[in-house]
Amino acid sequence: MKTWIAFWGILAKDVRSYYLKPPNISWGLLFPLVWTTMFFVRSGLGIDSLPDLLPGLVALSILFGTTSVLSVTVTFEKKGRSFERLLLAPISLQLLMLAKTSGAILFGTVNAFVPVAVAAFLTDLSAVNWFVLIPAATLIAVSSTFLGLFIAVSVKEVFEAQTFSNFFRFPMIFLCGLFFPVASLPPLLRPLSYMLPLTYGADILRGSISGRNTMPLGLDFVVLAGFCAVLFLVTLGNINRKWIT
Amino acid sequence: MELDPDASGHGPEPLIAVSGLKKAFEDVVAVDGISFSVERGEIYGFLGPNGAGKTTTINILTGLSRPDSGAISVAGLDCSGNPKAAQHMIGVVPDESNLYPELSGFDNLCFCASLYGMRRRERQERAEELLRAFGLEQAAGRRFAGYSRGMKRKLTIAAGIIHRPPILFLDEPTTGIDVASARQIRQLIADLNSTGTTVFLTTHYIEEAERLCRRIAFIVRGRIARVDTVENLMRDTEGRHVVRFSFRGDAGRVCERIEAALPGLRCSRVPDGVRVESADPVRVGPVVRLLEDDGLEVTEARKIYPSLEEVFVSITGIEAGLMKQEKERNRGGGGS
Ligand SMILES: Nc1ncnc2c1ncn2[C@@H]1O[C@H](COP(=O)(O)OP(=O)(O)OP(=O)(O)O)[C@@H](O)[C@H]1O
Ligand SMILES: [Mg+2]
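Each protein sequence line maps, in turn, to chains A and B. The first sequence begins at 215 in our numbering and counts up by one. The second sequence begins at 1303 in our numbering and counts up by one.
By construction, these hints were calculated from the structure, which means they are not laboratory data. Among the hints, a few may not be true.
Interface residues of chain A toward chain B, partial, derived using beta-carbon atoms under 10 Å [what the hints assert, rightly or not]:
hint: 1; residue: Trp218
hint: 2; residue: Ile219
hint: 3; residue: Gly223
Just so you know, even glycine gets a beta-carbon here, dropped at the ideal spot from N, CA and C.
When you get a sec, could you build the whole thing from the sequences and use the hints?
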């Protein structure tokens, strides 16, 4: 019970201090919207192609929603020493890590449904399989949040966190089949695609929105969940080693 | 290290027991195999200059850092393998504020309380109680970032005791704040102790250690030079006569020559001079002559009266005043 009070305390503070702040909301929402509009205009496609674009847009919203805040705030709190408060608290590192990431996961998942809500006004979404889309969005949020935390643990400075997360994020837009199929990438780059969790996440999103997944959905889910577990364990090990020096 | 049985306290089992604690950072040995124990209900002082290893020791004892070797037990819990084992029992006030700059004083305290599993009502009542006790009610709603240094320190102490911990670690609680606030903080520490809180305090203010602590450990370069009660430490100075000679010039090995020429004297180097100690009153003339013969220009010979400061200097060879000045210079340069 006591540890859950601590968990909620950390989550609530982060949501209030970081996730509900205008810069975060704008960065998390605006970037994917601007990106897609640009893509839309450039390609000269009509509104009816929206379901084809939507999976990429949803994936992008989650990716930016989860990674734009977490690594920066964690490095910021580490530098400002307030993170020590959390390390001094009588809660396990696992729970601390879950509490710190829950805000990002929640924000990323909510973010996923902003483009969906917009699309609902513009096109017919009756073919969408919500029972696949919702867990997929959550799982993508979890995996990219853990990726963000992995980055936060690896760096010392706030600007490093920003640079390093862009180093991951921007290539992922191209490599993970969000807007171009992985099959259309140069053969040399393709193995890289399959090493990134978002590739599998985006495939599930495509499957749930337009039914055009390239791999079996079950496999996608298993691989994505595997990425989450591995990232969690690796990051936990890193935290144990690097944060309690 | 063997503790003097008289000094090691009375209780059968110490609240904090540390043995052979060692911690190195790359090429710096911050803590070099120290052993000590803190009795239930005492204020235990760690007194030492910059870089002595005080903060490193606190970090290890509070679970922020892992030792390279050594055993730690806090309240009977073995923390050697699991640094977090005793964290529910301890409160920590770090040397610099570690609260959230963007939160108000009140929200900071409530947040810290939540980390210890306190419920909402309890959190708010306790936060209000502490803000009142520290005279911070007026600032309760203001952002922590806008607090003055003294206000920050007080709120950081309040945050450290929000969950009423039986053991409190204070890392230089009065460094860099004004005299009145420092006095208030010392009173508060004494009050907390009188209601049963065991306190581990680091400081470089000798008077502070003398006034507050039951026992004091002198820590220098990662080693404990001496642990004892204030009375026992002071007893050392009884029947000792100390004179300090200041001079200009290169002293070389003047101490060895003084000790050789004038039996019964113990000589040690201090900045710009020497410190001469003896069981009988020190005859100043021969020492001055010897110094002058060595080409040194003696500017002053001053009798030093017994004080804890004297004990510290004679045990560690470090000038207490110097330690303080250096510290304050460092503080002045840095941020909050
Ligand atoms: N994280 C670290 N990395 C490298 N060296 C460190 C680290 N922490 C402490 N040290 C070194 O260990 C030694 C002891 O430092 P510590 O902070 O414990 O001293 P202190 O007694 O608290 O000093 P002060 O009075 O200045 O606070 C110093 O030489 C310091 O430079
Ligand atoms: Mg220190």
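Results of checking the hints against the structure:
no. : hint   : in the structure
1   : Trp218 : 8 Å, holds
2   : Ile219 : 5 Å, holds
3   : Gly223 : 3 Å, holds
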